[in-house]
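J.: Dock chain D against the given chain X, drawing on the hints supplied.
Residue numbers (our numbering), protein chains in the order written: chain X, 35 to 441; chain D, 35 to 441.
It cannot be assumed that every hint is accurate.
Note that identical chains are pooled: a pair holds if it fits in a single copy or bridges any two copies.
[Claimed, not checked] The calculated SDA-like cross-link candidates involving lysine to any residue, where the alpha carbons are at most 20 Å apart (straight line), are: (1) K254 - T181; (2) K254 - G182; (3) K81 - P201; (4) K254 - D400; (5) K81 - D227; (6) K81 - A229; (7) K254 - A214; (8) K171 - L161.
Honestly, the hints are just simulated from the structure, not real lab data. This one's a predicted model, so the numbers in the text were calculated from it and none came from an experiment.
There are 2 protein chains.
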Amino acid sequence: MTANPVRIEADYLIETPVDPRLAAETMAGEQSSGTFVAVPGETPELKARAAARVESLELLDAASAPSLPVARPINPDGPWHRARVTLSWPLDNIGASLPNLVTAIAGNLWELRQLTGLRLLDLRLPLAFASAYPGPKFGVAGTRELTGVNGRPLIGTIIKPSIGLSPAETAALVAELCEAGIDFIKDDELQSDGAYCPFDQRVRAVMRVVNDHANRAGKKVMIAFNVTGEIDQMRRRHDLVLGEGGTCVMASINSVGLAGMVELGRHTQLPVHAHRNGWGALNRHPALGWDYTAWHKLWRLAGADHMHVNGIGNKFSETDDSVVTSAKAALTPMFAHKPCIAMPVFSSGQTPAQALPTWRALGSTDLIFAAGGGILAHPDGPAAGVSDLRAAWDAAIAGDAAIAGKP
Amino acid sequence: MTANPVRIEADYLIETPVDPRLAAETMAGEQSSGTFVAVPGETPELKARAAARVESLELLDAASAPSLPVARPINPDGPWHRARVTLSWPLDNIGASLPNLVTAIAGNLWELRQLTGLRLLDLRLPLAFASAYPGPKFGVAGTRELTGVNGRPLIGTIIKPSIGLSPAETAALVAELCEAGIDFIKDDELQSDGAYCPFDQRVRAVMRVVNDHANRAGKKVMIAFNVTGEIDQMRRRHDLVLGEGGTCVMASINSVGLAGMVELGRHTQLPVHAHRNGWGALNRHPALGWDYTAWHKLWRLAGADHMHVNGIGNKFSETDDSVVTSAKAALTPMFAHKPCIAMPVFSSGQTPAQALPTWRALGSTDLIFAAGGGILAHPDGPAAGVSDLRAAWDAAIAGDAAIAGKP
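So here's chain X without its partners, still in its complex pose (with noise of 0.2 Å):
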């Protein structure tokens, strides 16, 4: 967490058949002042203040295959190297803007035939980007403020069939689910403003139908509205739901890119829910891409108030070890004075029985526990579904582990 004033760090995983040390000396020098051949005017005054370090290289054990293919291969036969490596850049060559770290650090490199393998595992930033970003706005006290659940985690789910509902559907589904007693409902990603149901008329019709109940009930439900789209639109977007009394926006990030939902974080008064769908690409293979604990902190300094984190036993590929590393980094601190907190969303095949080791692994209940099929296709109901959730929830933190087990 100690933030180094005036350097960048990013600490990787390298695999290579050439010298380690070698091979990160050659990332330093293809990401900052180097290039394949020595140029004229690479003095070393322009090293001293321009050029990547390698601030340290750990070796770990050797790979028995290369990871990944290169067309013209150094030494073909190998040995594949493992090694991990923290590399660091002058803050003054790109100054604190995050499109322009992300070439720094995560730029050229993955092209590298001296590499067989590369992720970026974390990095560390001067506090200029604290100053430079907006950071969450709201994080886990403005969501609890805003939905006055306090105590435990947020009970959410996802509107079902994702996509092809209309307006009228949509806020007749969210009556139910509010009626449930459900915390937070989102929007899926697929559904943003399509013509069968624009944004416009889905925000009214559920607005009024969250409205009514929040004035009945006096419970707000958060409704994640996906706001994905190009800047002004998303703008347009945001300013309805606050118009309309709504309480969060929701984008994906990927979809968006890192401008853009930096433009979202400056403009919202509202938390962003951040959705990371295509994050697989980035991230399923293990010697490349990008580990969710260096990724997820581009999207908290633009403003992400929610972070995806898939689930305990998820229904996809993802192990839970990697889901509760990400939930753990989502929660911990970026800068002493501004930790830009984002509250972790666990979601994808969610059930009671996921409670107690959702807890027990992350001790916290800072969290959004999102189930969509759960709720919306629970034998006796959504209500059914909902008060299994917070059951489940309640017992796990009570220490009860009775129920864990049940389906």
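T.: Same frame as chain X, but now just chain D:
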């Protein structure tokens, strides 16, 4: 090239331990109206309007082992079927929205445990996308008009050292390159608005040199100034370049993201030079991520006039076949009435030796041929570097292959 007016299509390479037809249906369900359990409301009428469809499935040779790990494998012992699959979605699900397109065709798919490999190969879009997005405003013809280069590639270079030069040092190097007869110069992607080379000062210093040279020599060298940053910064920097008489802006598309690039594409009055750094993370493993043929269409629609494709015999890990496929894709029309052609940019270790094979592979001179070290580190100086490249291309085009082996 024939666009379905009402459905979006995407082609995938899949690898799966289940029946490939079932895997494809799972993909279609996950990315439209289905979820992992049947939910109330997924009626036949709803499916008819919103469901994605499996349009075709072609079995390929099976893999001998899973390409990607799965935490809870379905059939741990395989077999690992491989197939080429085409899915389609109703345009009405999302409308002509690039960010929402990405979520639909490239969202939660990579996480599916039914898949041990998934690669997005190509996509075809309804004409509505051509109307909704700017596409390249300049492309090949506009770039040739601004540079006055016809009948041969633009010979380009990259400012090196990539980072560390002051504005005055950068301008001095640009002056030398202008004298050397260069057509095109780009900022390195690592150089945007650093403390010792602020964007505004660099643009003013460089354009003074470029304008002087244009006045004297009648040739305005195109400089791709790296405007990568947040939305307002990019617009402001574009305006500065335009005001100083510059003729190109560059942005790192993966760092800015799609919504940001659309904004730049709508705003720009200059060619947009799209730098693909970071692309390797999406492409390096053959069973994961995106083929360039699919991916680059997003950026062309968003407004990219020039798109990087690496180079033949490059210093990176990519095969020449892959490079050539990318370049040909950039030169292939997307829509009959709005081709959205982007000029491919060849770079990375390019020398005169690559002119002939590039010409033979591409059969076109509509490209930017950029050599960084190859020009700046030429033993006889940059002018010799430029004239060697020009001569190699002239010879290649003239059918004189004798020079092709020259280093």
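J.: None of the hints should be skipped; say for each whether it holds.
T.: So, going through the hints one by one against the coordinates:
In this assembly of identical chains, K254 and T181 lie within 20 Å of each other by CA distance solely inside one copy; the values are 6 Å within and 60 Å between copies. In the homo-oligomer, the alpha carbons of K254 and G182 lie at most 20 Å apart inside one protomer (8 Å), although the nearest pairing across protomers, at 63 Å, exceeds that limit. Taking the shortest alpha-carbon separations for K81 and P201, only the inter-copy value of 16 Å comes in at or below 20 Å, while the best intra-copy value is 59 Å. In this assembly of identical chains, K254 and D400 lie within 20 Å of each other by CA distance solely inside one copy; the values are 19 Å within and 59 Å between copies.
Taking the shortest alpha-carbon separations for K81 and D227, only the inter-copy value of 18 Å comes in at or below 20 Å, while the best intra-copy value is 50 Å. In the homo-oligomer, the alpha carbons of K81 and A229 lie at most 20 Å apart only across protomers (15 Å), although the nearest pairing inside one protomer, at 55 Å, exceeds that limit. In this assembly of identical chains, K254 and A214 lie within 20 Å of each other by CA distance solely inside one copy; the values are 13 Å within and 68 Å between copies. Proximity of K171 to L161 under the C-alpha cut-off of 20 Å is restricted to the intra-copy arrangement: shortest distance 18 Å within a copy versus 39 Å between copies.
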